[in-house]
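**Student:** Sequence:
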Amino acid sequence: VACQQCCKTINSIDVQLSRPHAHLCNGNMLLVKFASGGKNKGQKNAPPNRDVWKVARRRPTCCQPHKYFVCWHFNLKEGCSVHRARCTFAWSEEEVALWSFEKKHKCTQAQMIEAARRKIREQSSKGTAATGAAPEQDTISEVAIKQMDEFGGTFREICCQCFYSVPQVISEDACRRLTPHWPWKGLLVHVSKTDRSVSYKEVRPLNDKSRLAPCHHALKQRHCPKSQIRCSHSHNDVELSVWKAETSDRLNRAHLLKLSAKIAPAKKHAALPTDAKEELPERIYCCFCLVTCESPQQFAVHKTSAEHRRMIAMDSDLDWQHRSPPLNVTNGRYTRCIRGEECELGRECPRAHSTEELHEWESRLELRQSRATKARQLGLQPYREQLLDKYASSQAEVSVIAEKIDDAAVECQTSLSKTCQLQHHISWTFNVTSKSPLSQVALLQSDPDISFQLVGQGLGETCVEAKGDVFAITPATDPGKNQVSFKATRYGSYQQWLVFDFGSEPVLKKELHVEVVDAAAKRVDLGNVGHVPVMSTRWHSGNRTVMLLRDYSEDDHRLLARYKRPAVTLDPLAKRPLPPQITADNYQQSLHTALYREEAAQETVLSRLNLQTEVLIKKMVHMPTGEIYIASTGMLFAEVPIPPQMGPDSEEGMLLRRSVDVALVALPGSEDGSPVYEVSLSKDLCSVDCLRLLLPESVCRALALDDGTSRPLDVQFQLDHLTFCIRHAAVDQMDARLILPDITNCALPTTRPGILPATLKGNDKQKKVIMFAVGERTCDKPTPPFLMYGPFGTGKTYTLFQATVQILAEPNARVLICTEANSAADLYIQEYLHEYVTSGFKEATPLRIVYKWRNMNTVSEVVRRYCCLDPNGPFFAVPSLEIVKAHRVVIATYAQCRTLWQLELPRGHFSHILLDEAAQALEADALIPLALADSSTRVLLAGDHKQITPKLYSMPNDDKQFVIRTLLQRLFHHYQRQNHNTAQCSRIILTDNYRSRPEIVNFVSKHFYLGNHDKDFKGIKARADVPRHPDLYPLTFSHVSGKCDFDEVTRTWYNTTEALEVAERVANILQTWPEIHGRLEQSQICVISYYSSQVKLIRYVLRRKHMGSVNVDTLQSIQGKEFTVIVLSTVRTRSSRQSMVTDGNLGFLADACALNTAMTRARALVLAVGDAMALCSVGGCSRVWQSFLREAHVHSSMLPLSMVPEDI
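Using my numbering, the letters of the sequence shown map in sequence onto residues 17 to 1224.
Treat the hints with caution; some may be incorrect.
[Stated by the list, open to error] The calculated lysine to aspartate or glutamate pairs, modelled on EDC-like cross-linking and capped at a C-alpha distance of 20 Å, are:
no. : residue 1 : residue 2
1   : Lys201    : Glu188
2   : Lys868    : Glu792
3   : Lys526    : Glu687
In case anyone wonders, no lab produced these hints; they're calculated from the structure. The structure displayed is predicted, hence computed values, not measured ones.
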């Protein structure tokens, strides 16, 4: 038994015992070493030293392991390098032996120290009696000595107000502030020091309300909601022991202070001069890291350290029984793995494997959140984290961080965007002028790849936040200076937000950009993804106060706050490039990056429509059809002229039609932070020359708009950001290892004879798909997603319906069918399930989930029977959880599957998820239903990737690095890279066509499908019995050498001569169609053009010739439909050949997927009308057109008949 004066410290646990002089030894340290001849595993070859002992720490009581072990992270220099003084493992073999002895004999170190001290006092008493000297500790009670023996350390009295301030300040003897707290109120604390830490445990005064029991919040290291001051229970073991001693043994606290003063005299601080203008340096205390900081700046640096963040989040010092929980929590909660202990992912599984493990994870999450709350309330959270938390939870970001604020200006003489070479340093110097003092300066981005730091007097390396007084900000007449530096350590593009806080919200933001390039490399233009380099700055909640029109649900608000727009997000994934190869490990991060890039690219396209124009305000709208629309009371219409660059076939026009429902309006000249108003875009009321906005009464009142007036307005059209938020949420909720599985660890379902009924209709490949769906799972390995490639007319929808019927034969099976389009989802009910259910199979009754505000007139009566309807009006309703569970078949579009999330439907509820039209859905959209899958869910994807795929604005058509747009393509290439039989058997290509004539099928198969699949793919086979025209070959071409013109209004091309030729050919087909094949109705003919102006022209010509029932439309409107005759109007001619060299919108001349989709709509005849020379010489489809013309010529169907391919 010894004290600190008896020992000389060697390292973190070794001391050398040398009692230098007579002193009052309090014996608060228990020293141990192995006896002579005992086993010392840690020092087998060490020379014996009788004076070297090891300090024995107190045995932890928070956990009671079966056996004690030496800490893996222990080293002699600093002790436990991970948990420091909070480590619950032993630090030496001697400590292991001592703790095991205490546990076995149920004794404590305090009892050992007391026994040793008793022996020392007996020896001291004998010596004193012999010399006649008075005992030195006669004025100190035995109870005080016992307290010192039990806990060691010393007791001090500090300023109570300082200790409970935010942050905590240690002020001994007197308050060290410029204005001391008065009257002085002392607080007794127990001080325990090591080489690297110092612990202050308060011992509050005992009163009538005090309870001699520990606070259960403090016992579990959680934040006490009553706070330390008001809680009547003890908050630490020292406090509880002192309270008990005061109650039962009448302990006098003065004795503790007197004994501590003799053992370790307190340092005397110089008195604060009466004329002092500055307060003494504060010792700010961090109760998580057990350290004190001598200055506010040192404390600010400490708060931003990784060690501090780790200590706040640490929960491993308690005795947990299961795996550590994953750090990423989906929707704020953990989930249970349905596979349990049999899960093939083992310890890497992000879900709990038992109920006990799930409860422990929830307890650990609650503990981490409670510790974070405590750190926030004690002022231990870094400033930038406080700001980012507030920013992340706000949907009005401009009220938190703004690019411009009143009464303050920050200027930089150099550009904020710079380029440098590797290992170079660059810096920015900012001049700050403000009426208010600068409170804080911080760099917000914390990506480890970012090497930005603040530079200032007294600031260390890697400083990312500092107090404003470091930069000597003076009144407006003498601006202060702030400097930021950057070191280029890696190639890439980097972004940083520098914020200035002047004591009020919002704070001022400056965006810094650095591109690190190789001096010898050629500069590559990356397309400015994420920035708007055009007419004016895009409005968003980060630079304007947006007055919202739409009512969002609570879940919508949560998503909007979590996944911010690319322009205002601080997510580092928004700025990172896509990896060269996407795997299961980086799949989620890569998809988040791709979504940010796509949204930024679409915003860039829409920025071309930023308008500052004269707007006509009206109460009524007169349509060309004679209809009159009147705005509701207080509301008005605004007619916005269509800008010249926006045509229906332009990127802007297509994006406006598909993805824009609202616009933001404001008066011209509005400044940053000023309000902008959200209004709805009335697409049904738009015409060829203007767009119409519906202005609510509040906007009309705020902007002083009246009927019949004309006002200049700034107008910006806005994307539906919530759609991207839902996609981000789907990426976070799905399990990447289920989407991109390790094929070597997967197994296909087994089949047995007779598993399918003998009456089942279908070819062998269709039956193979059905057998995969109903096959038995005979092992614990997961089943990989099954891919069904089905070219046009091969019966993909029929196969999935038959698979659904066979799946329902299993009593517990449930099926979710998803499609991209509503029409395809309705088709399952109209063509298949309705008839099957009405024939007596009630268990197959489907539930059709429909968007609540979908127009009732677009849904057939048959489909409405299977939808939930609103009893209060002609609207659809969201089904309840009970209704969903009552149906074994659920049908929805990809987007509407989010409804199932909101109902909190458990993962694995559906035994099968069938994804139809998977080649037409964006990859992130297909993940929305797959977020409901677990390892036992069987997934089937069906589609045709050679048809039109979804357009991605962030991926240029000529950029071959980014060819994968859909999940079907992703999995196809993933399986192709796997040289394994399971991968080969997890995909199939349907080859039997039941729609079109053999001539059409063979041509399409040869030019669009062969060479793109497995080596065993031999092409598509025609199985349909479709009659043909007696004179016209199924592939017919009509040459027109007219002239195409550019429509300045719609910004698209049209060809008058070609329109007249189309009308003549359609009339000829109707007249010459043989009656033996049945009457050919006008509605069985469809004319397709790539350009909307040509569509309108052809419709006009056909109506004049009494053929108004003939379908005329663009390609996007007829996808998924089929007709007896297809007429293609290609429009472009040799006269526009020179402009076609630079024109990217060549239509059927260049877009192979579009041409394939158009031709495969035909059952009996494809008639192409166009300029043969232009088709065969320009564009990526020229070889296809050359082959088309040769085949038509061979069969005498190239008109005029006198024309031969050699002429072309």
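**Student:** Lys526 and Glu687: Cα distance at most 20 Å?
**Tutor:** Within the cut-off at roughly 17 Å; holds.
**Student:** Run the distance test for Lys868 versus Glu792: straight-line Cα separation, threshold 20 Å.
**Tutor:** violated, 38 Å
**Student:** Hinted pair, alpha-carbon criterion (20 Å max): Lys201, Glu188. Please report holds or violated.
**Tutor:** holds, 11 Å
Comparing the model with each earlier hint shows a violation of hint 2 alone; every other hint is respected.
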